[in-house]
Amino acid sequence: MPAALRQVAAGLSGPAARLFDQAAAALESGRGITGGEGWTRALEAYYPASALRPEDAAALRLLGSSLGASDRQEQVKHLNLCRERLAHLEGQAQDHAGRYGRVWGYGGFLTGLLVVLVLF
Amino acid sequence: MVREVGRVEAWPEVLSAFPRGLAALLETAAAGFPGPLEEIRLRQGRPLMLVGAGRDLAVTPAGRLSSDLAQAYRPTAEDLGRTVQLLAQNSLYAWEDEIRQGFLTLPGGHRAGLVGRAVLERGEVRTLKQVGGVSLRLARQVRGAAGVLLERLARAFPGPRPPSLLLFSPPQAGKTTVLRDLVRQVSEGSPTLGWRGLKVGLVDERSELAASFGGVPQLDVGPRTDVLDACPKAQGLMMLIRSMSPDLVATDEIGRPEDSLALQEALGAGVVVAATAHGGSLEDLARRPALRQLLGLGAFQAAVLLGRSRGPGTVEAVWDLRKGAERIDLGEAAGQPPGAGSQRPDRPAHGGELSPAAGRTGGSTLRPAVAGDRDRLRIHPVARGLAPGGSRAQRSGGAAV
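Chains as they are written, first to last, in this note's numbering: chain A, 1 to 120; chain B, 1001 to 1401.
Honestly, the hints are just simulated from the structure, not real lab data.
Here a beta-carbon is modelled for each residue, glycine too, at the ideal position from N, C-alpha and C.
It is possible that part of the hints are untrue.
[Claimed, not checked] One-sided and incomplete, this derived list gives chain B residues near chain A with beta-carbon spacing under 7 Å:
| hint | residue |
| --- | --- |
| 1 | P1019 |
| 2 | R1020 |
| 3 | A1023 |
| 4 | R1082 |
| 5 | Q1085 |
| 6 | S1091 |
| 7 | L1092 |
| 8 | Y1093 |
| 9 | T1127 |
[Said to hold, decoys possible] In the EDC-like style, the derived pairs of lysine to aspartate or glutamate whose C-alpha atoms are separated by at most 16 Å in a straight line are:
| hint | chain 1 | residue 1 | chain 2 | residue 2 |
| --- | --- | --- | --- | --- |
| 10 | B | K1129 | A | D71 |
| 11 | B | K1129 | B | E1098 |
| 12 | B | K1129 | B | D1097 |
| 13 | B | K1199 | B | D1220 |
| 14 | B | K1129 | A | E74 |
| 15 | B | K1129 | B | E1096 |
Chain B with its partners taken away, still in its complex shape:
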């Protein structure tokens, strides 16, 4: 069963990250947004926008939604300045490392991307000043988001533990949401899948997976999960392996050379690895040196492509990497929605100039895609040493027949 939690309860804390006037506009507008809200976009002097369900809509000065950008409220420099202060909980000095990387994470795991004028020191970014744009991505916990995936993996990889796997997708396709639920379910254990609860070590560099506050995860990552919060991935993986004897380690958005080395250490220690990476196909992954190395070493037994064909978190394809990237049949049942969830079901839609029903995608966005019979990659990226510039069809995970 899929159940989306987190955003209804989290809405007040999201609004508290905005100055009062702006928060009032957003509250009114979001209530009428036609579908699950994913992002709030502020750009100085340009339209204030809400993003979700595959579309973006402008927010008018009256808090209404409009597809006419000319009607939009345009945030001022003061709006942006105050928003950044509030996002940092009035402690910008305590967020230097995060700001240097261009983001802040709010309690609840919501992530604010920042752009502005970079201040350099010895050629390195010291901080951002005059922030001119903020993109607040709303975190969500979707219980059951990894259910169908785990079921298929348990069938394809029989044994007491899940396989080491790499979840990949273009941005905003639900990687973090699926990984969080996978960690929770592996930590809890599943008699149906034949897995007892495992000790999980989670390196949450950007505080998005567990949304820890004061050292305690605010999102459910399972009873046997130990979280290293705001810790660099490579360092954190090594620390967890040495100190917490995990059965599985998990982390988000790998891709740097040091990540590759740390994951190799984990695998060498007999620890299962679950990680995510940006990429639209196995070929995309193989173009990145660190990931190419990991794939070449057989670090992962399974690769999972997520997408948005049925909304964020759709399992588009799964490959068995033990067999030279053989595509796993997701089965007929995979086309069935595992459940339904929606954002803020308790809130009546109002105030928008558009019908709240317009554009609604319909409940849970975490449905698996129907895949064909055992498809095989025409070109195995590791074995063939794929050169950059493959065809669009080759780059698309779904077209790799």
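Isolated chain A, as found in the complex:
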């Protein structure tokens, strides 16, 4: 999982890359930390300074509870569900151009994570 997160981070730039890097670092440094805990820690550190709305963060938090915790088929299902949720939120944010860009960006990096998990 840390390697997958790093790989996704390397393909991104800006704040989203930091989120993935932080999640990878949390998993690499902590003894007994699950994938979901590492992801949540990184998200909570990153969220206050980001342009994420609470509902965006909630969707990403929900993803954390399943990250790395099931087989490939289930992982793909969870990632697709999260992508759909973010796409829905994107629609809601159409009138906020700045946020639109960010939300669209998260949908994009989740595609990256999905590809990495499927290929790993």
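Fit chain B to the known structure of chain A by using the hints.
For chain B alone, kept in the frame of chain A given last:
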């Protein structure tokens, strides 16, 4: 000289496979365990236990050891769920093949057996869900574990190479440990035994023998050993023979029909074979079709029964299969311990409700047994076509006089 390495250094990586609270309990309890620790057993809602030195003890919520199971900490569903995630290094999706077979191998070669609810797809197990039990077997490297065995084999089978051999025993008798050391010593070579270092091809299907990580063996399997990690045995043997020109190929736990075919290919190519199998006697082996076929074809020159009479890895008996399963005299010297090793000698025992000395088996567990004069099998399993259901005495390798 026998020297046990690996577990002291590996302890932090073993503990990192458990959630923090559980890891703290285990660390405290293991420090007081009376003897070499072999297994950690988690069963949901039932006593957390440590196993080793022929006994199991419960771990209390305070991290103490107790023989009273009622005092034990009982792992929760969350404990089990988190443990499985951590065992899989938070990447359960990357371990599908292993989970389907019911185990995961950690860095260091430690093996976690899993039980739970099987999820089927077209009649085949796709994965395990709701894992309700984990058995973590601690890997160990014991340098010299195969020393006495190799010495006896060199004497009985003079020549520039060791004989093709089958190591067999019931589970947890040290097969993997002895095979690993045999591979290391054959790869290094031994002037005393008259063997130069040989090229060894090792198929490590379960990543237990070499404990490879990132393609590099984490345990010492010798300077001339090429490892095919996590590769199915039969396929791996063929790949190694074709690509790496080994003098000897080694693999663990053979028994499937395809293993038999691959080993026959190896022997046909003039390659020495060293393999292990489950079984308590030659008769047990002969009941398994693939092994029966190999024995019938004379694939192995020697068969070695390992046991626990003096701890895991005890060489209980060796047979020369060229002579119709003639038992080889292990000699008087075989009764002498080749050395002493112990687990975590740097750790003082503390915290247990039992005395750390109680039940200690005393150092290295890899001593050869004293065997009698050339014993012969009363019934040669291959020659006589043994039917299932032989007597207990016949099934016991040590009683085959």
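Hints versus structure:
Checking P1019(B) against chain A by beta carbon gives a least distance of about 5 Å; that is within 7 Å, so the hint holds. The interface hint given for R1020(B) holds, since its Cβ lies 4 Å from the closest Cβ of chain A, which is under the 7 Å cut-off. The beta carbon of A1023(B) comes within 6 Å of a beta carbon in chain A, closer than 7 Å, and the hint placing it at the interface holds. Below 7 Å, beta-carbon pairs count as interface contacts, and R1082(B) has one with chain A at about 6 Å; its hint therefore holds.
Interface hint at Q1085(B): satisfied, since its Cβ lies 5 Å from the closest Cβ of chain A, which is below the 7 Å cut-off. Of the supplied interface hints, the one on S1091(B) holds, with its beta-carbon coming within about 5 Å of a beta-carbon of chain A, less than 7 Å. Restraint check, L1092(B) versus chain A: the minimum CB separation of about 6 Å is within 7 Å; hint holds. The interface hint given for Y1093(B) holds, since its Cβ lies 4 Å from the closest Cβ of chain A, which is under the 7 Å cut-off.
For T1127(B), the interface hint holds, since its Cβ comes within 7 Å of a Cβ in chain A; the closest pair sits about 5 Å apart. Note on K1129(B) and D71(A): the hinted pairing holds, with a Cα-Cα distance of about 10 Å set against a maximum of 16 Å. Between K1129(B) and E1098(B) the alpha-carbon distance is near 14 Å, which keeps this suggested pair within the 16 Å criterion. The hinted pair formed by K1129(B) and D1097(B) meets the criterion: a straight-line CA distance of about 14 Å does not exceed 16 Å.
Taking the CA atoms of K1199(B) and D1220(B), the gap is near 15 Å; set against the 16 Å cutoff, the hint holds. Under the criterion of a C-alpha separation no larger than 16 Å, the hint pairing K1129(B) with E74(A) is consistent with the structure, at around 11 Å. Of the pairs offered as hints, the one joining K1129(B) and E1096(B) holds, with about 12 Å between alpha carbons and a cut-off of 16 Å not exceeded.
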